[in-house]
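Asker: Sequence:
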Amino acid sequence: MTHSNFSRQPLGARLFSFAVVADTHVNESEDTCASPFATNARANARARHVFADIAALDPAPAFTIHLGDIVHPVPSMPSFEEAAGRFKAIAGQIDMPLHLVPGNHDVGDKRIDWMPADIVCDDYLDKYRQVFGPDYYAVDHGGARFLFLNSLLFNSGLAADAAQRAWIDEQLAGASGRVFVSLHYPPYLHDADERGSYDNIDEPGRGWLLSRLADPRVEAVFAGHVHNFWYDVIGRAEIYMLPSTAFLRHDFSEFYRVPPADEFGRGDVEKFGYFIVDVHEQGHVAKLIRTHGAMRGVADDGKAAARTLPTVHTKTAACDGIAVEMRHPWAEIVEIPCTGGVQEFGRKLARNDYPLMSMWEMGLRTLKIPVQDLRDDKTLRRARLMSDVGHRFVLTSLGLPDAKLLQQARQHGVAIAAIEINLNAQALADAGAALQRLREHTDARLLYCKIRTGADDEHFDGKHYSHFVNTGLRASELEAAQTALLPHFAQKNLDGFTVRLDWGADLIATHQQLASQARDWGATVNVGVKLADRLAAANDDDTAIAALVAEAFLAARTTDTVSYSFDTFMDVDRGYFPRNGLIDRRYDPRPAGLALAALNAVFAGQAANDGSVERIDGEAGLRLCRYQSGGQTYELAYGCGPALQRQVEAGAFTRVVDLTAQRVLQAGDDWTGYARLPLPDQALLLIQRN
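For what it's worth, full-length UniProt numbering labels the leading residue of the sequence shown as 1, then goes sequentially.
Calculated directly from the structure, the hints in this document are not laboratory data.
Incorrect hints may appear among the rest.
As the list claims (entries may be wrong) - Distance ranges between label pairs, derived from CB positions: (1) Pro59 <-> Ile616: 33 to 39 Å; (2) Pro216 <-> Ile112: 29 to 35 Å; (3) Pro216 <-> Pro59: 27 to 33 Å; (4) Gly341 <-> Leu535: 39 to 45 Å; (5) Arg257 <-> Asp402: 28 to 34 Å.
Backbone N, C-alpha and C define an ideal beta-carbon position, used for all residues, glycine too.
Generate coordinates for the entire structure from the input sequences, incorporating the hints supplied.
Answerer: Here it is as structure tokens:
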């Protein structure tokens, strides 16, 4: 069966945006809470920060949506109305419409007989309506219809269940354009056929709702309740499950291979956040804003500081020249233990979508994956969904890959940009006919990656013996390699090759050599960037790794013939060659990931494959390069704080971007007002000269 791709990348102008907030769990007072967790007691201050943040957005969203669990006290508690009043005061910071849907804390839990919770009922619904307004309704805006649903009604047996279903059918039938749906409970967490749990809508209501969400006019579905990020597709609609602004559902900390954060994972503040959704003429972009658990007190006045860099997303990024090697699972399905609380009668399956969330927020598009990932049906499906969003895949294979596997991936709509074929020198010499046959099954670029043997590298240095795998030609070996490679290029057996860039090598100087070589040979070059050079000692120099990512980003923008693959996306903190990556083991961005996001923001909308990059001299302690494109000149400066400040002040500048802090200093600003001054021992700045 061939799957036709449905591009989810937006087209046309941005029409408007809206904010989406979930699970604020506002308490009846600032210092007390019905929950025993200290994290919950901070919910009001964190909600206050979020609404202040939204109020400061420029351009301002057209409206804000809240996905339920507005307050923490349930309707049967005497503190419910007081908490509702607190929420209204907090949300009053925004000068725009606020659309609410009820959560289980607002109208009672879904109808279940195995949990001692207050169940949704007419009395609780009446109380919600009196305090917050209608529990389901529709709004038309900008040519789109927005449906706000009460997910607690499904399977409730209440008269309002049937009434809402009839109303949904009427609203869909009357919609002339696209439709966006908001509700508290997601229809499902991992699979549409999963058994009922605390985290989903039970059957038969789930099946009924999914059949309506499959309407081709439904473009997006936003759900809360689970306090974690997930993404899936229902028909043509993208479904997003949002993080909370207040706390993490910490049973899902099982995703990590390291201990959970504060309060057994509940206080993992790096997972808190909300969405900004840009609606375009065609399509939309849902962008995560991490709040990092920031809090704002009752006495704090004035608007929050406006953002200095726009938020980026893979859908709209133009970062094709940077890839990461997915050495860890990137669509892993995990059995979440039944630890008690809301999950007691068996484990449940959940896919870890935090790698995906991290990729999107830094604008990362290209992933290098082992060919084995295409053998698993569920991973294959994820690769197809990600291809529709704008991701591309580079397959790496020991020997020639199975042609049937490539056919299957193409039929499923997986965007395979290149196939890296790992062979030793003799195997390459014998591979001509097999490479030509492989051409019949794929239109991806075919890249040769040399498997290095004892003839290429010393295995014994007089003290240590090494038998560890190494691949890739070195730049210094290209002249000797042309006899073996050029015939394959001439016969169209291969499109290019992989060069390894060892840690400590000069990326800019190597780039210039490789760009010239690629032009002369009519080939493309994939540079495998190694982030460690020691087998038994960790490379945890985050700023140095970020500087390397930034240099590669700028270099890759000058040509479409040289691209860069960093040899791990997530930290390798055990095993051989330990090193930091672009995210840590809790899937939170490291400085390298923050720098990539900042660069994608700075160069958003600017044409790539243009300009030049060169190494330039500076004072001791600085590493500098100059990038010129479109009449603009930029300097990338990495080094110690005082030297960086002198470099900035050496000439006129338009702005300075601290790439790892994602802060901007505009021309005319006083250095002393800059939040990062004094700069740390090592920092990474992008200086835009006049």
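Asker: For every hint, state whether the structure bears it out.
Answerer: Verification of the hints:
{"no.": "1", "hint": "Pro59 <-> Ile616: 33 to 39 Å", "verdict": "37 Å, holds"}
{"no.": "2", "hint": "Pro216 <-> Ile112: 29 to 35 Å", "verdict": "33 Å, holds"}
{"no.": "3", "hint": "Pro216 <-> Pro59: 27 to 33 Å", "verdict": "30 Å, holds"}
{"no.": "4", "hint": "Gly341 <-> Leu535: 39 to 45 Å", "verdict": "43 Å, holds"}
{"no.": "5", "hint": "Arg257 <-> Asp402: 28 to 34 Å", "verdict": "30 Å, holds"}
Comparing the model with each earlier hint shows no violations; every hint is respected.
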